[in-house]
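**Q** One-letter residues, chain by chain:
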Amino acid sequence: MKPTHSARDPRDLGGPRQPLLSVRELKKHFPLKKTGLGLRGPRLAVRAVDGISFDILKGETLGVVGESGCGKSTTARLLMQLTPQDSGELVFDGLSLGSPGLSLRDYRRQTQMVFQDSYSSLNPRMTVEDSIAFGPTVHGVSQREALSRAHDLLARVGLEPARFAGRYPHELSGGQRQRVNIARALALEPRLIILDESVSALDKSVEAQVLNLLQDLKQAFGLTYVFISHDLNVVRYMSDRVLVMYLGEVVEVASADALFEQPLHPYTAALLRSMPTTDPLRRTEQAPLSGDPPNPIDPPSGCRFHTRCPDAQAICRTRTPVFGEAMPGRSVACLKYEPGSGYAASTIALKEVTHA
Amino acid sequence: MTAATFTDTRGRTPVVRSRGHGANVLRRLLRNPVAMIAATIILLLVLMAIFAPWLMPADPYATSMLKRLKPIGTEGLPLGSDELGRDLLSRLMLGGRLSLFMGIAPVVMAFIIGGGIGILAGYAGGWLNTAIMRCIDVLYAFPSVLLAIALSGALGAGITNALVSLTVVFIPQIARIAESVTTQVRRSDYVDAARASGASSLLIIRKHVLGNVIGPIFVYATSLISVSMILASGLSFLGLGVKPPQPEWGLMLNTLRTAIYTQPWVAALPGLMIFITSVSFNMLADGLRSAMEVKQ
Numbered sequence: 001m002k003p004t005h006s007a008r009d010p011r012d013l014g015g016p017r018q019p020l021l022s023v024r025e026l027k028k029h030f031p032l033k034k035t036g037l038g039l040r041g042p043r044l045a046v047r048a049v050d051g052i053s054f055d056i057l058k059g060e061t062l063g064v065v066g067e068s069g070c071g072k073s074t075t076a077r078l079l080m081q082l083t084p085q086d087s088g089e090l091v092f093d094g095l096s097l098g099s100p101g102l103s104l105r106d107y108r109r110q111t112q113m114v115f116q117d118s119y120s121s122l123n124p125r126m127t128v129e130d131s132i133a134f135g136p137t138v139h140g141v142s143q144r145e146a147l148s149r150a151h152d153l154l155a156r157v158g159l160e161p162a163r164f165a166g167r168y169p170h171e172l173s174g175g176q177r178q179r180v181n182i183a184r185a186l187a188l189e190p191r192l193i194i195l196d197e198s199v200s201a202l203d204k205s206v207e208a209q210v211l212n213l214l215q216d217l218k219q220a221f222g223l224t225y226v227f228i229s230h231d232l233n234v235v236r237y238m239s240d241r242v243l244v245m246y247l248g249e250v251v252e253v254a255s256a257d258a259l260f261e262q263p264l265h266p267y268t269a270a271l272l273r274s275m276p277t278t279d280p281l282r283r284t285e286q287a288p289l290s291g292d293p294p295n296p297i298d299p300p301s302g303c304r305f306h307t308r309c310p311d312a313q314a315i316c317r318t319r320t321p322v323f324g325e326a327m328p329g330r331s332v333a334c335l336k337y338e339p340g341s342g343y344a345a346s347t348i349a350l351k352e353v354t355h356a
Numbered sequence: 001m002t003a004a005t006f007t008d009t010r011g012r013t014p015v016v017r018s019r020g021h022g023a024n025v026l027r028r029l030l031r032n033p034v035a036m037i038a039a040t041i042i043l044l045l046v047l048m049a050i051f052a053p054w055l056m057p058a059d060p061y062a063t064s065m066l067k068r069l070k071p072i073g074t075e076g077l078p079l080g081s082d083e084l085g086r087d088l089l090s091r092l093m094l095g096g097r098l099s100l101f102m103g104i105a106p107v108v109m110a111f112i113i114g115g116g117i118g119i120l121a122g123y124a125g126g127w128l129n130t131a132i133m134r135c136i137d138v139l140y141a142f143p144s145v146l147l148a149i150a151l152s153g154a155l156g157a158g159i160t161n162a163l164v165s166l167t168v169v170f171i172p173q174i175a176r177i178a179e180s181v182t183t184q185v186r187r188s189d190y191v192d193a194a195r196a197s198g199a200s201s202l203l204i205i206r207k208h209v210l211g212n213v214i215g216p217i218f219v220y221a222t223s224l225i226s227v228s229m230i231l232a233s234g235l236s237f238l239g240l241g242v243k244p245p246q247p248e249w250g251l252m253l254n255t256l257r258t259a260i261y262t263q264p265w266v267a268a269l270p271g272l273m274i275f276i277t278s279v280s281f282n283m284l285a286d287g288l289r290s291a292m293e294v295k296q
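If you read the sequences in order, they're chains A and B. Quick note: the first sequence, position 267, residue 267 per the working numbering, numbers continuous. Quick note: the second sequence, position 245, residue 245 per the working numbering, numbers continuous.
Because the hints were derived from the structure by calculation, they are not lab data. Glycine residues also receive a C-beta, built at the ideal position from the N, C-alpha and C atoms. Wrong hints could be hidden among the right ones.
Calculated from the model, a selection of chain A residues having no Cβ within reach of chain B, i.e. all distances over 12 Å [as the list claims (entries may be wrong)]:
#1 Gly101
#2 Met126
#3 Asn295
#4 Cys309
Far from chain A by the CB rule (all over 12 Å, computed), these chain B residues [claimed, not checked]:
#5 Val16
#6 Val108
#7 Leu128
#8 Val185
#9 Ile204
#10 Gly215
Computed beta-carbon distance windows for the label pairs [what the hints assert, rightly or not]:
#11 B/Val46 - A/Asp106: 37 to 45 Å
#12 A/Gln209 - B/Gly22: 33 to 41 Å
#13 A/Gly158 - B/Leu47: 24 to 32 Å
#14 B/Ala23 - A/Pro294: 52 to 60 Å
#15 A/Gln209 - B/Ala23: 27 to 35 Å
#16 A/Arg163 - B/Met36: 56 to 64 Å
#17 B/Gly22 - A/Ser99: 42 to 50 Å
#18 A/Phe30 - B/Arg27: 41 to 49 Å
#19 A/Gly69 - B/Ser290: 50 to 58 Å
#20 A/Arg163 - B/Leu26: 37 to 45 Å
#21 B/Gly22 - A/Gly158: 48 to 56 Å
#22 B/Ser180 - A/Ser96: 33 to 41 Å
#23 A/Ser255 - B/Ser180: 42 to 50 Å
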């Protein structure tokens with residue numbers, strides 16, 4: 001084993017500069033049920049996630065945003081390996097998942113997930129403490145120790161163990177249940193936690209409390225978050241960097257501040273315009289985005305966003321943009337920022353942006 | 001839902017513990033008068049069957065040409081006598097043993113086998129599910145009476161063969177229920193969460209699936225006991241189940257049917273026993289279902 005840069009976590013292999021999780025060309029298509037005999041014609045599939053690549057850096061919170069159906073949740077399930085990918089690989093701290101160095105079991109110990117529905121993600125027949133203690137017992141921790149860890153974690157997430165440990169999920173409120181789910185995710189002492197719309201179902205005041213709890217826990221346990229949400233305000237509050245998805249593809253990745261200050265991709269810009277604001281001076285004049293996203297079974301040719309893009313040109317219909325660095329630390333998949341792509345204003349646009 | 005609580009010290013700190021699901025179901029069941037009456041009747045019938053040899057007023061096998069087909073209330077024959085002059089009360093009591101056994105045993109066996117198959121198919125999903133369930137559907141396509149008769153006929157008369165054929169009749173029915181309940185549970189987030197914790201399928205089935213599917217399967221199986229009793233009686237009636245002179249309600253109904261015009265009340269008694277028992281089991285199953293269905 002290589003000597004570690006940080007003495008804090010002995011599991012840290014590659015040091016702080018190595019991404020915690022590198023996602024490489026991850027692809028997942030869901031085949032549709034064949035009609036009739038299904039022998040004729042090409043096999044149709046929903047291209048839920050269509051070859052996405054990104055890095056999750058150590059200690060960051062990576063926000064993931066996009067419309068419904070853009071593949072956010074499928075990405076979460078792929079990252080958690082609840083759904084097997086068609087192709088692509090996950091590299092966790094330098095080790096490829098499935099290689100001798102990192103089995104699925106090891107990976108799952110270090111990566112956990114908190115689901116959206118706080119009720120259906122808890123076994124109704126199990127007490128809170130048993131639900132939390134289940135994971136550690138799977139990995140060989142004794143029942144007694146797992147329970148005492150469960151009690152510690154309950155206290156950490158703000159639920160008094162003496163009052164809550166022996167309760168069943170239906171006796172708790174939504175916010176309390178989500179705290180239990182967070183405690184369960186923490187029970188395996190993971191390094192990466194995937195939060196898939198984890199606070200979306202909570203009412204606003206409870207949501208704020210849980211968000212602050214998540215921030216505290218991140219500090220205390222040195223966690224890395226993937227924070228998936230459709231709520232842009234919450235993503236901005238939580239995230240260090242933000243990844244924007246459209247129709248199963250990554251269209252833009254940037255630091256949260258840069259992205260919200262100055263979106264590069266027209267889709268990101270449209271998304272941000274759709275954020276409700278209470279400032280009358282920032283009133284939106286034009287409709288931010290019209291229509292539904294195109295059918296992911298048969299996505300548009302070229303750039304997938306060209307059907308709804310306000311800046312689309314003829315070239316966008318035929319040429320597929322390459323996801324690449326447009327500015328230092330900012331990656332985008334748009335012909336506007338691709339030198340020599342044939343997009344008429346591409347050089348001007350890039351200059352505008354770089355000098356802005 | 002008011003859950004009475006108590007404290008225990010399983011962990012390190014004393015913990016307020018809620019009453020479990022099973023205790024709640026039992027409590028609601030105890031408050032359901034219809035289910036409790038049914039349960040009492042079943043309990044009495046079972047006790048009667050178990051202690052029949054000691055409770056019987058007369059020898060159920062002793063025939064008498066003089067006492068043939070006496071009406072109910074005859075001196076020494078409280079429920080009359082059958083076509084061979086045997087004491088009907090004694091025969092009904094002893095007959096309860098086999099009748100109840102034939103009602104319960106096939107269902108228990110089918111519950112274990114069919115439930116196992118259904119849970120396996122439901123949890124596995126995909127092509128394995130399709131393969132298993134299509135095979136089950138082949139059996140399911142036959143009307144159960146016909147299947148029971150055909151199997152018993154092919155295997156030959158006898159209690160064991162009747163038991164086997166009834167079990168085969170119930171396996172597909174229970175398997176289908178088990179499969180559909182398990183499929184639902186398998187898709188739930190808490191099973192995903194358990195998978196995410198790295199647990200093996202077997203452990204997930206044991207810890208997370210079983211507890212959530214066994215209730216509905218059990219309720220359905222309970223409702224099959226009455227069907228099993230009636231089918232078993234039917235097989236005996238056709239001469240495919242219990243053999244004379246052993247008393248069994250279905251067989252008694254068969255042999256007494258010739259006396260339907262001379263002693264209709266006596267002839268109807270075994271049928272009445274079957275009716276009471278099967279209705280009781282159905283009521284109990286209904287009570288169980290509603291006790292379990294309460295959303296918390």
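**Q** Compare the structure with each hint and give your call.
**A** Verification of the supplied hints:
no., hint, result
1, Gly101, "holds, 16 Å"
2, Met126, "violated, 8 Å"
3, Asn295, "holds, 25 Å"
4, Cys309, "holds, 36 Å"
5, Val16, "violated, 5 Å"
6, Val108, "holds, 23 Å"
7, Leu128, "holds, 16 Å"
8, Val185, "violated, 9 Å"
9, Ile204, "violated, 9 Å"
10, Gly215, "violated, 9 Å"
11, B/Val46 - A/Asp106: 37 to 45 Å, "violated, 54 Å"
12, A/Gln209 - B/Gly22: 33 to 41 Å, "holds, 34 Å"
13, A/Gly158 - B/Leu47: 24 to 32 Å, "violated, 54 Å"
14, B/Ala23 - A/Pro294: 52 to 60 Å, "holds, 54 Å"
15, A/Gln209 - B/Ala23: 27 to 35 Å, "holds, 33 Å"
16, A/Arg163 - B/Met36: 56 to 64 Å, "violated, 35 Å"
17, B/Gly22 - A/Ser99: 42 to 50 Å, "holds, 45 Å"
18, A/Phe30 - B/Arg27: 41 to 49 Å, "holds, 45 Å"
19, A/Gly69 - B/Ser290: 50 to 58 Å, "violated, 40 Å"
20, A/Arg163 - B/Leu26: 37 to 45 Å, "violated, 25 Å"
21, B/Gly22 - A/Gly158: 48 to 56 Å, "violated, 30 Å"
22, B/Ser180 - A/Ser96: 33 to 41 Å, "holds, 39 Å"
23, A/Ser255 - B/Ser180: 42 to 50 Å, "holds, 49 Å"
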